[in-house]
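Chemist: Residues per chain, in single letters:
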Amino acid sequence: MKCPPLLLRLGIGRRRFPVWLPLFLLWPVAAAVIIVLAPLVLLAALILRPLGWGKLVIISGPMFFGVLCALRGLELNLNLGNRLVLISFK
Amino acid sequence: MSDNQKRILDLLAEKKISVDEAQRLLSLTGSEKDTGAKGPDDTPAPMGKPRYFRVQVQPEDGSGKKSVNVRIPMALIRAGMKLNSLIPGHASDEVNEALREKGIDFDVRNLKPEDFEELVAALTDLEVDVKGGREKVHIYVE
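Residue numbers (the numbering used here), protein chains in the order written: chain Y, 14 to 103; chain X, 72 to 213.
Certain hints may be false.
[As the list claims (entries may be wrong)] Below, a sample of chain X positions facing chain Y; criterion: calculated Cβ distance under 10 Å: (1) Leu83; (2) Ala84; (3) Gly119; (4) Lys120; (5) Arg122; (6) Lys137; (7) Ser138; (8) Val139; (9) Met145; (10) Leu154; (11) His161; (12) Val166; (13) Leu170; (14) Lys173.
[Claimed, not checked] Computed list of chain Y residues with no C-beta within reach of chain X, every gap over 10 Å: (15) Ala45; (16) Val80; (17) Cys82; (18) Gly86; (19) Leu87; (20) Gly94.
In short, the hints are calculated from the structure, not lab data.
Note that beta-carbon positions come from the ideal geometry of N, C-alpha and C, so glycine has one too.
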């Protein structure tokens, strides 16, 4: 089963120790927001259907969820001498 | 011969499984071996589906002062490819125009997930090592 990243390791600037952000705390809130907004999205899809955008509105949600889940394992680690950029999804 | 294969042959000898079942189980243990990390002589076994695209840039002197280490999941690229269908037609035209200005005659609407799978399969054995100047660039899939 696809699962969005649970943790984000983030270090930008001169920080030697990156911070761990608990993304898993956000997902229940995001799920609640999505459930609340779902009827509005369906309404928007119905309104935009004559323009040919209805299907797009419906499928864009699962597609972006797919991208979110695929972020797991992404790691950017740039050490530019005096600056550090670290983004790592776990 | 692995323990699993011996066990299957024992079961066949004891007539607890049929020849067809033994053949099927043996083929499964064979595929397990293919995806395993090591071969019989401790050399890496053939790679399965690559999971990550890696780019590493490190200084030649090994000091590690300036380095780049990027790991991109193949799943992310796949998911991005699917987003291609969300690009409106006029945006594709603009991208094509920008590519043409750079001398690349390519239509982004022709990008298909199947093409990407073919590309990934071809990338499996790819390993690029560039040593020049003060940095060493290593591009590979794992």
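Chemist: Output the numbers, in ascending order, of every earlier hint that fails for this structure.
Modeler: 1, 2, 3, 4, 11, 12, 13, 14, 16, 17, 18, 19, 20
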